[in-house]
Amino acid sequence: MTREHLLNTALMAVLLLFPLWAWATDEPFLITLTTRAVILAIAGVGLNIALGFGGLVSFGHALFFGLGGYAMGILAYHAQTYTPVADWPMTIEGTKSMPVIWLVATLVSGLVALGVGALSLRTTGVYFIMITLAFSQMFYYFAISWPAYGGEDGLSIYVRNGFFGLNTMDPIQFFAVCYVLLAGVLFFTARLARSPFGLMLGAARQNETRVEAVGTRPYRLYLIAFTISGAITGLSGALFADLNRFVSPVMFSWQTSGEIMVFVILGGVGRVFGPVAGAALFILLEHVLGGLSEYWHIYLGALLLGTVLFARGGLYGMIAGRAAAHD
Amino acid sequence: MTLLSLTNVSASYGASQALFDVNLSIAEGEVLALMGRNGMGKSTTVKVICRLLRHSGGQARFAGRDLAGMPAHRAARAGIGLVPEGRRCFAGLTVRENLIAAARSGPWDMASVTRLFPRLAERQDQVAASLSGGEQQMLAIGRALMTNPRLLILDEATEGLAPVVRQEIWAALARLKSETGMALLVIDKSLRELSRVADSAVILEKGRSVWQGDFADLTPEITDRHLGV
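So the protein sequences, as listed, match chains A and B.
Position one of the first sequence corresponds to residue 23 (this note's numbering), numbered consecutively onward.
Position one of the second sequence corresponds to residue 1373 (this note's numbering), numbered consecutively onward.
So that you can see chain A by itself, here it is in the shape it has in the complex (with noise of 0.2 Å):
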């Protein structure tokens, strides 16, 4: 067993034993705080597949994120008044059903990845930072102008959606689904990254020129990455949207997508765990140092600085080691 797949074992196993512990001695803020965790480290890793494997650096993925908890507040809020969500060209009723919810919240921000991929991934290096920030930015604005569901003040859900028989509102309850989802959303980048497709990924990163002399169009390669990555981040916003029971615009913003790319770099870009380590600092951080001042930021901005200049690995690069490329 390598050191990085003891590291993987006991970041597994910390962040299942903490909210156990947490539940056993009555401490439920704590299990939400994990829950926390763990679900935007879902996001992290979704990201993760096109900053870490592809090298696309999206600084637009709270696109994603908000489309999934948009997609979770939708159906919610139509469930709770008893409204169709559409009439025409057929009647669509809300849901409160978490896997409804999450295929649904999959389906779209993979949708509207693919189309925003598909433009933006025809431009290259600023450019494409620039059109993926561009692109979150106008869903921001959008939701902020769209009374219908709350607009700037957001939209609330009274009561957390359900999973066949478990008790949802119940924090390790939700935690357990949470952490379940994760498990599976690591397994299959694990098995993504190792799949031929993840290694021309990480080869088209290195170099496009010699990817397309083995008859691979980057572009395709990059199209693929960037809708599996949207879908898992928007999965992520479902999620989180569930925990908080409350959606607003804010999950658009161009924070949102800096802190998803924070999970990443912290943890470490390229390694399947890396942004669930990031994830995780992040909450932890932000629990600690915000209780000892609401400029808490500055401290982790000087983090992120000090792992940028000497810790390029992040978090599994100073523990684990140098990575392969597909690792």
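Don't read these hints as lab results, they were simulated from the structure.
Please read all numbers here as calculations on a predicted model, not as lab measurements.
Check the hints yourself; a few may be wrong.
Some chain B residues near chain A, calculated using beta-carbon distances under 8 Å [to be verified]:
| hint | residue |
| --- | --- |
| 1 | Cys-1422 |
| 2 | Leu-1424 |
| 3 | Arg-1426 |
| 4 | Ala-1448 |
| 5 | Arg-1449 |
| 6 | Leu-1454 |
| 7 | Pro-1456 |
| 8 | Ala-1463 |
| 9 | Leu-1465 |
| 10 | Glu-1469 |
| 11 | Ala-1473 |
| 12 | Arg-1476 |
| 13 | Ala-1483 |
| 14 | Thr-1519 |
| 15 | Gly-1585 |
| 16 | Phe-1587 |
Where a beta carbon is used, it is the ideal one built from N, C-alpha and C, also for glycine.
Given chain A, put chain B in place with the hints provided.
Chain B only, in chain A's frame:
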């Protein structure tokens, strides 16, 4: 049957023209040596064939299809395999991953590539960047074979390698010729080794094809005139 033909092909890097009326053709199963001194346009010709550079004049056809406007990845799918100068494996991937990533359906797979180069089987879990130069070259050839090409282009495949490794590479090329009947376009400076596998030759000088014919017809006068330093 002609597999690849370049007819009066010209190509430029921006304003600087590198190829002027290059002509060559390769039949199925033929081994062609593309020769010339440094800077005469051999690698540029390869780039045109692989569509890494668009030609500005003349006609390039492969397996009956016009290569004009065809992107590089389609040319590779059509059956043009390239072993680029300087090996250029995917450095961060292991040997096995380099091969799997490039794989397309056909007779060439992991088993047949490692039969050709047993050393790749021994190193399959090793990262490409950590291989010796010779092993990287074998991997580059293996990777190109995994795309199951109809034409394999080797650009300076033995350059900078130890003599014993060069012999292994040449032996592999001879096996490719005799056992598979694959068409090869080989760029190399070793006339002696080329003479063992090549059926025909084209000599480039200042971006022009100045001699073409059977390899056996290459006389010392011709090689001295066009290839001598």
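For each hint, the structure was consulted:
no., hint, in the structure
1, Cys-1422, "6 Å, holds"
2, Leu-1424, "6 Å, holds"
3, Arg-1426, "13 Å, violated"
4, Ala-1448, "3 Å, holds"
5, Arg-1449, "4 Å, holds"
6, Leu-1454, "5 Å, holds"
7, Pro-1456, "7 Å, holds"
8, Ala-1463, "7 Å, holds"
9, Leu-1465, "6 Å, holds"
10, Glu-1469, "5 Å, holds"
11, Ala-1473, "4 Å, holds"
12, Arg-1476, "6 Å, holds"
13, Ala-1483, "17 Å, violated"
14, Thr-1519, "5 Å, holds"
15, Gly-1585, "29 Å, violated"
16, Phe-1587, "27 Å, violated"
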